[in-house]
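For the sequence shown, the UniProt record's numbering begins at 1 and goes up steadily by one.
Some hints here could point you the wrong way.
[Said to hold, decoys possible] What follows is a list of derived Cβ distance ranges for each label pair:
#1 D93 / V10: 29 to 35 Å
#2 A72 / L17: 37 to 43 Å
#3 S59 / A85: 35 to 41 Å
#4 V67 / N27: 35 to 41 Å
#5 L79 / Y20: 20 to 26 Å
#6 R26 / T57: 41 to 47 Å
#7 H91 / Q61: 29 to 35 Å
#8 V10 / P56: 21 to 27 Å
#9 A72 / N27: 17 to 23 Å
#10 R87 / L9: 38 to 44 Å
Rather than coming from a laboratory, the hints here were simulated on the basis of the structure. Fair warning: this is a prediction, and the values are worked out from it, not measured in the lab. We put the beta carbon where it would ideally sit given N, CA and C, even for glycine.
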Amino acid sequence: MIHSAGPYLVASLLVGLGLYGILTRRNAVLLLVGVELVLAGGGLLLVTAGALAQDPTWSGQVLTLFVITIAAAEVVLALAVIVAAYRRRGHVDLAAEAADPDPTTTGRTDLAPPGQDGRR
Numbered sequence: 001m002i003h004s005a006g007p008y009l010v011a012s013l014l015v016g017l018g019l020y021g022i023l024t025r026r027n028a029v030l031l032l033v034g035v036e037l038v039l040a041g042g043g044l045l046l047v048t049a050g051a052l053a054q055d056p057t058w059s060g061q062v063l064t065l066f067v068i069t070i071a072a073a074e075v076v077l078a079l080a081v082i083v084a085a086y087r088r089r090g091h092v093d094l095a096a097e098a099a100d101p102d103p104t105t106t107g108r109t110d111l112a113p114p115g116q117d118g119r120r
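Whenever a hint applies, use it, and build me the whole structure from the sequences.
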């Protein structure tokens, strides 16, 4: 049997670091890392609770597998959006995106939609 305080402490540390990353970072990739830390902490909490309860159905472990599957799909989708935004904007800084959501006002004509700069 495992000691109950250790995994709960590590899970809360992972969730805390993830929330700190979500609330303080402006980069989309680092924000995604923060979300993944929160999900990892939740998964560890589910596995620990299932192991301490000595559940014969292994529900904590099964739920953790679902969380991992959903997190993997979320990472693929989020990284695809981040790469597309990087190709379009040239950066993945969310603070700059909130300040100037229209790429045509940045002065870069290579980011303008087709037909507005006369080259395409």
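Hint-by-hint comparison with the structure:
1. Checked against the hint of 29 to 35 Å, the pair D93 and V10 passes, with Cβ atoms roughly 31 Å apart.
2. For the pair A72 and L17, the supplied restraint of 37 to 43 Å is violated, since their beta-carbon distance comes to about 20 Å.
3. Checked against the hint of 35 to 41 Å, the pair S59 and A85 passes, with Cβ atoms roughly 38 Å apart.
4. A hinted range of 35 to 41 Å is violated for the C-beta pair V67 and N27, which are about 24 Å apart.
5. A hinted range of 20 to 26 Å holds for the C-beta pair L79 and Y20, which are about 22 Å apart.
6. A hinted range of 41 to 47 Å for the beta carbons of R26 and T57 is consistent with their spacing of about 43 Å.
7. Range check, H91 to Q61: about 40 Å between beta-carbon atoms, so the 29 to 35 Å window is missed.
8. Separation of V10 from P56 is about 25 Å and conforms to the stated range, judged on CB atoms against 21 to 27 Å.
9. A72 and N27 have their C-beta atoms about 21 Å apart, which keeps the hinted 17 to 23 Å range intact.
10. The supplied range of 38 to 44 Å is met by R87 and L9, whose beta-carbon atoms lie about 41 Å from each other.
Violated hints for the displayed structure, listed by number in ascending order: 2, 4 and 7.
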